[in-house]
Structures are given as C-alpha cells and as structure tokens.
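J.: These are the residues of each chain, in order.
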Amino acid sequence: MLQRLSLVLLLAIAAVVAAALALGAYLNYGSVRAAYMGQVESRMNATGTAMVHDAETSISFGIPLEGQETLGPLLERILETDPALEILDVLNSSGVILHSSDPERIGETLDLFDDEGLQLNLAIANDFGGEAGSLRLIADQALLERNLEATAAAVRDAALYALFVALALAVLAVLALLSGARRHAQDAGQLASGAQDSGQGWALAEITKEQAAIEAALEAQETAAAAKASPSV
Amino acid sequence: MRRLDLALLGVLSLLMVAALVFVSWRALDSAERLLLPELNRKAEVVGRSVGDLLSEAVDYGIPIASVVGARPVLEDSLADNPEFSTVSILLADGSVLASVSNPEQPLGSAPIVIAVPVEAEEERVAQVMVQIPGAVVERTIRNIWLDVAVVLLASILVTFEMLVLVFSADAGRALRGLGQRLVAISRGDLRRHASVEAGGLFGKAAEDLDQRIAGLAERQAALKARAQQLKQHALSARLGDLEARFRIGQVRDEPPPKLAALRAPLFLFFFAEELTRPFLPAFTASLVSPIEGLSRELVISLPIVLFMAIVAILQPVLNGPTERLGRGRALRIGAVLAVIGFTGAAFGTDLLQFLLFRAMTAIGYALVFVSAQGAIIDVTERQNRARGLATLVGAIFVAALCGPPVGGILADRLGERETFMVSAVLALLAIVAARFAMPNEPKRDRLAGSSPPSLSAFFAILRTPALAALLVGCALPAKLILAALVFFLVPLTMADEGFDQAAIGRVLTLYALAMIVLVPLVSRISDRLGRQPNFVLLGAFLSATSVAHPLIWEAPWGEAAMVFQLGIAQALSITPQSALVGELGRRYLPHISEGMVYGVFRLVERSGNAIGPALAAFFLGAYGLQVALIAVGLVSALGALAYLAALGLSRSTRERRDDQ
Amino acid sequence: MTNMKLGRRQALALLASGAAALPAAAAWAQSSDSDRKEPFKIYQMTYRGETDVERGFRDYLNQRGIPVEIIHRNAERDPSRVQEFLKEIEEIQPDLVYTWGTPVTLATVGRYNEDAPYDVSDKIPVVFTIVAAPVASQVIPSFESSGRNLTGTFHVVPPDAQLRAVQSYRPIEALGVLHTSTEQNSVAIVDQLSTLAKEQGYPLIVRQFHLDADGQPTVEGYKELLLEIKQQGANWLIYPPDTFLGSQIDLIKAEAAALRLPTFGTTEQLVHRGDCLLGLICRYYSVGQLTAAKVEQILVEGRDPKTIPIETLKRFSLIVNMPVAKSLELYPPLAMLNYADVIGS
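Residue numbers (this note's numbering), protein chains in the order written: chain A, 2 to 234; chain B, 22 to 681; chain C, 23 to 367.
Bound conformation, chain A alone (with noise of 0.2 Å):
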C-alpha cells in the first residue's frame, strides 16, 4: 500500500513538474522570439517605410510607380545591407510585381496570403488616398529560424535538465515522506501504549495525572462517605 501511495505521488508530482516547466520553458522562448521577431519587424517597417515615402514623393510630381525605373537597383541595394531581408517586391494595386530585389519575379501576379513567414505589406497612396500600390518585404524566415534555434536548444535543454533534476529530488522527497511516515506510525503506537507520554504527549500525560488525582479524591469522597453511612460497623 505504501510502495502505491508512492507511485500515484511521483507520477502526479512528475505530471504537474512537467507541465509547469514545459509552460514556463515556452514563455521563455516565446517572449524572446517576440523579442527578436519584433526587432527584425521594426528594422523592416523602418527601411519600408523610408522607401514608400520616396515612392510617394515621385508619385505626386507625376511618376508613377511603373515608370519609377530607380525603384530595381534601390530594392537590390536594400537586400544586400540588410541580411534578414530575403524579397522585396514593390506591387501595382492588382498585385502584380511591378519591381523585385529579384528581377525575375517582374511581372507575377502575387497571391497575398500565400506566405506564412514574417513579411509586411505597406501601401503606397497617391495624393487622395487612392492605393497606387504596396512595398512587400519577405524576411528570410529560414535565417530567422536557424538563428532562433540556438536559443530554443538552450531553453529545451535548460527544462530537460531541470525536469530531471527537480524529479530526482522529488524522489527523494517522497522517500523522506516515507520514513517520516514509518517514524510517525511509531511515534504514534508510543503515544497510544503511554510509552512516550513525556515528550509529545505531555497533554495525555498530564491529563492522566489529573484525572488520576481526581479519581483517586473522588474515591477518598467515597470511601468517607461510605464511612459516614456506617459508622459502626
């Protein structure tokens, strides 16, 4: 009965120490990959931004976004200073390409859910708020990802190691309960035979006494009672 106590105490504590670290291991990665997801979306939206702002300037002197022929090179320009960047495409309001850091998109008619990865659509307005077109940017989602992948190994080993750690001491915690337990059964059968009525039972000692000493002054009361009732005898 004792080894089963033992069984369903380590598999609830194991079940419990799993989820909470698991929890607990994700939130850590999660807030650093927000961090790092947010840092390479706001360096994007900055260099984005920049762009549709030149793009919309040569709009309202009368250049349109097709004929804004600097647009090619300033794309490839782009990509090359910053690494997290894979595409950038410059789109007419149909959604075709009309300017690519990669020439050879020219010209395709793009789905615009067709990526999962990180990516930024920014409009490109005329000077009524009409949609001339938009600046796609597409981050290398496959450099983001190795990058992460360190911190999401040091995270997974960091809970693994902590998982293992944490339930050995669990072991041996509730092996201490055990012998605690075996302790307390006997400190108990003390308690109840009156062998250890000085130490933790000084209540049930002292309570004996007493009632010892009342019993035994009731019994005087008797036995002069008893007395009084036949004094000649």
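Calculated from the structure, these hints are not laboratory results.
Check each hint, because a few of them may be wrong.
Pairs of lysine to any residue residues, derived as SDA-like cross-links and limited to a Cα-Cα distance of at most 20 Å, are as follows [what the hints assert, rightly or not]:
| id | chain 1 | residue 1 | chain 2 | residue 2 |
| --- | --- | --- | --- | --- |
| 1 | C | Lys328 | C | Gly132 |
| 2 | B | Lys252 | A | Ala214 |
| 3 | C | Lys63 | C | Leu118 |
| 4 | C | Lys336 | A | Pro65 |
| 5 | C | Lys328 | C | Phe165 |
| 6 | C | Lys348 | B | Gly90 |
| 7 | A | Lys210 | B | Ala243 |
Knowing the structure of chain A, use the given hints to seat chains B and C on it.
T.: Just chains B and C now, with coordinates in the frame of chain A:
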C-alpha cells in the same frame, strides 16, 4: 515536521521555483547572444536615418551648426525605439547639437554605444550616437516574468490540489490523518477526530491514537458523573478546567476525511471553465455575424447570458434528480456534457453552434455544482456542513484565481480554440478524479434535502419588504455588476484596446485574489460585530463606485483597480449577506424552511449573472463604454439605496411597535 | 505577447490591404476584360489651355487601361467662348464633359439654385476641377452631392492645415495677410484665418488693396501696406488664393523680400511665382488624377454622379524654397526635410 503532506508541498514548491528560475536564466543567457547583435544593427539603422537627414540638410546648404529642430527628430526616433537610452548628434568640433534621453532606460553598467558618422560633400560633419543600456536584453525578457510567476503560482496551487487528491486515497488519508493527530496532541488538543476509515499501518496507528483519546474521554465522562453525584463542586471545577484546557470529549467540526477527495475533481472542472474567462467575449466577437435588431455587443454577450441563465434556472431544480441518479454519477454526467461542450466550442464555426455548445457546458456546470453540493450535504451534519461546503467554495476560488491568467497565457500562446481543448482535457481529468473520489452509491428513491423553490415561497419572500429589498436591491445587483464587468466588459474592451489575453487574465484574477484574502477575514469580523446590513451596504457602495476607475486611470490600471475594488466589495458583503438572508427568513417567514429561503436567494442572485452582461452589452452597443460602466454602477447604487430605504422603513415601524 | 500582437496586426494589415486591393482589382479586370474597342469620348474645356491637371488626368486613365478620346478646347481666359463649345457638344454627343476653373464651369452648368440658360449636365455627365470654392460659388449645394448629373474636385488646402504647416516651420507671432476686398473667395478665406488666429492666440494683421474710383482694386500704395504689416510685428505673410494678388505678385514679392518678411503661399502658382519661403498646396497633377478617378467611377463603374462626393486631395505637398530660406537665414526644421519638397537648391 509532523504534517508530512504540507512539508512535501513546501519542498515541491521550492523545487519548482528553482527549476523555473533556472530555465529563465538560461533563456536570458542565450537571448543575449541572439538579441544584442540585432539590437546593434537596429541602432545603426536608426543612427543612419538621422544621419541621412543631417547630410541632406548640409547638402541643401544649411550650415550644420544652424540646423534647427534636431531635437524633435531625436525624440521621435527614441519614441519609436523605447529600448534605447540616448540618441545624440555630436558635431565635428566635439560640441553637442542635440541629445535626447529616455528616463525609463537609465544607462546602467556597460552600456553599448553605436556611433554613425555623418558625411556631407565628402567631409565628416557630425556623428550620431545611439546608446543602449547594458541590461536591455534582460528588460526585454522581464516582460514575461509576470507570466512565469503566474505559471508558478498556478502550478503550486495545482500541486496542492493534486496532493490533496493523493492524500485522500486510503494510505494517504491515513498518513494525513495521523499527522493531524500528532500535531493536535502535541498542541494539547485532545478533541475527537473523524475516523480516517482506512486500514494498514497508518490507519491502525491513527485508530490506536483515537482509542487512547476515546479512553481518556470516557474516563473523563465517568469522573464527571461521579463528581456530580457526590456534589463535589471543587472536583467538578477541576474536571471542567481539564476540558477547557485539552477540549477532551469534544468533536472536531471537520468534515469526513473522504470528502477531501472531492476537491480535486471540482478544482479541475471549475479551472477548465475559468480558463475561458479572459478570451470568451473577444472569441465570440470573432464568430459574430450581424443579427438583425441586435447590436454587435449584445450578440457578443449572448453566450455568457445564456450560460448564466441556464445555471441560474437549473441549480434550484437539479437537487432531486442528482440525488436519484446518485451524486457521483450525476457529477460525472455533468462533466461529460462539459467535455462535449468544450470540444464543440473548440471546433464550432458559427455563433449558433457556439451557443449550443456553451449551453451544454452550462448544463454540465450546473449538474457538477449541484451534485457536489448535494454530496457534501449528504455526508455532513449541521456542525461540520459549513467546513464541508468550504471544500466546494475553496475549489471554485482557487480555480477563479489561477484559471483566468493561465487561460490568457494559453490563449495567447496556443490560440483560443486550443485553449477550449485544454479545458476539455481538464474536464475529462475531472471525470477520472471524480470516479476515484466518489464511488458509485446505490440509486436512492428517498428524496431528502431541499426541494426547488416553490412559487408560493418565491412570492411570499418577495412580498416581505426587508427580504425583497435585500435580494433585489443587493444580492442581484452584486452578481449583476460582477458578471457585467469581470465576465464581459473588461475582457471585451481590453481586447479591443489591444491588450493580450495574458494581461486580461491577470486583471481578472485580481477579483479572486481580493476575495480569497478577505472573505475569511470579513466573515470572522462580521460574526463578531453583527451589523451585517452595514457590511452589505458598504460592499454595494464600493461595487457601485468601482466603475469610476476606468474613467479616471489609463488602461489597464483603471480596469485592474476596478476589478480589485469589486473583489473587496464583494468580499465585504458576501458572507454577511448570506447570514442576513437566513436571519431575516427566520424573523419574517418562520413557516418557510431555511433551505427554501436560500433557494430563492440563490435564484434571484444568480439571475443577476445573466442580466449583467446583457445590460452592459446593450449600453455598450448603444452609448459606448463610459455609459455602460456608469449604467452598471448606477444599478448597484440604486439597489443599495432601495435597500437602505427599506431598512429605515422597517426600523421605524419596529420602533413604533416598541413604543406602543 | 508582442509577437502575437504583431502577428495578428500583420494578418489584419494583410486582410485590409487584400480587401482594399479587391475592388480596385475587380474594376481593373472589368475595364480590361470589357474589350471596349470604342474609346470613351471626353469633351475637355479649360480656361487657359493645358496644365498639369490635364496631364495627371490623362496619365491616370492610361495607367488604368481606360480607352479615351479627349477633345480639348481652350477658352483662352474668355468664359463667353463656352457658348460655342456647348453647340459643339450638342453635335458630338460625348460620353462626358470636363470643365476647368470656376468661370468655365459656371458657364457650362450654371448655379445649382438658378435656372441655367443651358445645363449640359441634363443629358451628359459633367466633371469639374480647379473650382476653388464650389459651394461658395454655388456650383453645388454641398460637398456630399451636387444633386445633379455633376461631380468634381477642387484644389484648396483647408486654412487650418496651412496654419499648421506655418507653425511647424516657425511659430507664428503675428500673421500678416494682404488681399483684395472685392474677391469673394479671398474674403471668405481671410474670415476663416481670422477665426483660427483668435483660437490659436496670435494677432492677424489684415491689409486690403486700395480701390480706385471705379471700385476696382489697384496696386498703388502696396509698399505702405506691407510696411504696416511688418511694423505691426508680423513674422509671417500669407498669400491667400486671390486673383488680383496673383497678378501683382512680382511687385509684392520684391517688397516682402526687402522687408525680410517670410512668406507662405496657398496655391501652386503663388508658391512658384511668388518665391514663397513655404507653401502647402494641392499638386495639379494629383488633382488631375483624382478627377480621372471620378470619371472612372462614372464611365467604368456606372455610378450616378449625384452619388459621388466632391473632394480635394487627402495629402498636400509642402514646398520649401531653400534659396529664400538661405537669404532670410531661416532654415526649415530638420524633420521637415523628411516630408517637404525642397526646391531651388
């Protein structure tokens, strides 16, 4: 150390703290290697963009020293990049053109400095310096420390519930009982314990101790009788002293140890439902398609209103059926319904399906609640019933404390639908735990316990001004404002303002936190002081005024202050209110059973849960958040005023009666 | 946390841009698929010949692949010539009539609240542009709808936006304005400026051109007027849209420069010809594009002109004249280089 179960909890808590701190530390370490280069690159981009502007100015022929408005440019880049500490422009002669610092990012030790040269007409005219505080990566990660703390707290609470479950099994129960006995004896408390009802080494040991104490109690009783018979008052007094000191012959008012097993399934079940709190309104909003004649907000409130209405209506009528079915079986059926409900909600695609599955969960919720309540009432007597029911209330409170923040984290990390699945799994575990905690009892035909509130009792109570004013003026608005704010308005509006679910969950948990700390305290004080109406009124006043916080403070602090004050308010009124209902029932309607009075009380009170979100949604849709908050607060304030008026009225009639 | 939010925001942005792209794409597809061999006939009347407006107009239609045949007529600053054009319109029966400027537009469609001698828009949709104050000049009753077979665009930047631009260059201590008391349009603008100046708490120093015996404005005495403005403490001089002022701008700008008074122009003409230090204007090219967008809605999408609101641009161009800034030693704030068009360097 005699309470081995508590010692184990302490050791495990420490273990988990250490493990999570270790994982966080390792994450921080590797994050620095990842984020620092990235941060430097970002500082360069920011520095270069300021530098480009300067070059442009110089190229236009503006002398670099005459450049105006550099400061606003630096302020803008610092506002866009709050992790930087200082951005400044240094001219070639070493003078500073402009420099802006972020007071929230002190440089600290070992700051990182990025210098970007500014060239114009092939000459270096200035440089832009970006300074990053040394501990910036740590600060980035510090954002999740609250989340990790929530996980830690929740795991410790869950561990506690698991230990309670394990220690309610035969051997564990005996071990725990033995520990309790040893502690009590060493403190000189010789009251009789409820039997551990277990064999084995520990069961036997506990039994032996019980026998020794029972022997002493028997002897005490016999001595008392003899002393009385002999009219030995001095000796009787000495025996009395003994009883006062060691409480010998008294019975501890603890519920049967087996009842503790009920806590774990209840906790798991309510925890499953509480997980959904922070994201339910926003999730509903994502499913909503316009319904003619109803505002969007009203439609969003529908699932909550339906849920609460079903629970309010079913709770009074389910006692009989659960008793006939057997409490354990009824509880498991309820949990099965909830599992189906959660799973369905996870996969539901439109509002109608979602409503249907939420209704199933609501039926399950009512069944579980009533079965658990019934099971506790079945095995307790009058003197230990309150402690027994504390098992149920405790499970609900702990679930309400750690459910919303954990649910928020899960919804953020895994998604709302996945969190519904987690709820389904937890409800499933609750079934397993319940199977273990509540063995099948035979079906019973006898109908004991309270019957559902009858219409005649309902009207008799509502015709009694003092009771009606308390129920309609205080009890109903209390639940109304709770459901309107905590279940509906706060999660919905915070989500609209862009807060993540974890933040919403942390705000919602403040309610349970205030309650858990204050309810025991208040019930002790109000028991001693009496004056229940004052507590109830103070609670209503605090509830009503809590809505002012979001109008004054910025989100999320306004919301947090509101939810916390609401928790304090309800903690103040909840116990005194319940005591007052019983007292007023006995005074004005002695012919109606107490159970019936409480049944009506709960029904009226819980209908507030259903009305609250609907009311809040109506005002939110028609007039906006501020009006909705004020309207909900007004209901509470008006109710309290009505109760105050009724109180004054009944006092003056009583005085008049006394005068005659 | 942040990554989730970013993720969601990104998704939203995608959705939004996707959704915005759809109608445009549909319209585009429609116009290219419709295989219209016959181009739309547009009868274009201008006040003083072709401007950037017409260039923007044409470019927009070309980029959208809308086939048009534009018949251009120049009124040569004489609105009475419109009568001949109307006869020609009767013969040609174009798909749409385009009018440039208030006089040509009024001669074509009349005022909304009086019986026009002949209103083309009875039969053929009319789109007007460069009508500075279409409501004040009673071309339309409100900007939401003309109530007629008519819509259009205008090119004036709202006065509050103009004052914001001035303030962000250098805070206004006192604002000077020189205008013509007989020009409705400029009086209305000066009224608005005066209200705004009161709200923002600085004096508005108004001087009007003197009138001759016939009640016509005369340039005589302009130097004294400008000197008074300068002496009353004005640190900015604003040029409102004012035809007479425009015709005398060469004299005015020389005197303002002599007084070292920074100037602000409210139309593209005034900014360029008046050597303004600063100007916030609607680019004619963009106004032409906006006008073409209205034409697209009528001819391609088949919308009733009555339902198309009369609008100006959403974004204006801020123009900084660097040589003037240098001579005044009054340089633009650094951030302004991000969004201003710097000219003359």
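J.: State for each hint whether it applies.
T.: Hint by hint, here is what the structure shows:
This hinted pair checks out: Lys328/C and Gly132/C have alpha carbons roughly 16 Å apart, not beyond 20 Å. For the given pair, Lys252/B sits about 17 Å from Ala214/A by alpha-carbon distance, which is consistent with the 20 Å threshold. For the suggested pair Lys63/C and Leu118/C, the alpha carbons sit about 7 Å apart, so the restraint of at most 20 Å is met. Between the alpha carbons of Lys336/C and Pro65/A the distance comes to roughly 18 Å, so the proposed pair stays at or under 20 Å and holds.
Simply put, Lys328/C and Phe165/C have alpha-carbon atoms about 11 Å apart, close enough for the 20 Å limit, and the pair holds. Simply put, Lys348/C and Gly90/B have alpha-carbon atoms about 16 Å apart, close enough for the 20 Å limit, and the pair holds. At roughly 16 Å between alpha-carbon atoms, Lys210/A and Ala243/B fall within 20 Å of each other, so this suggested pair holds.
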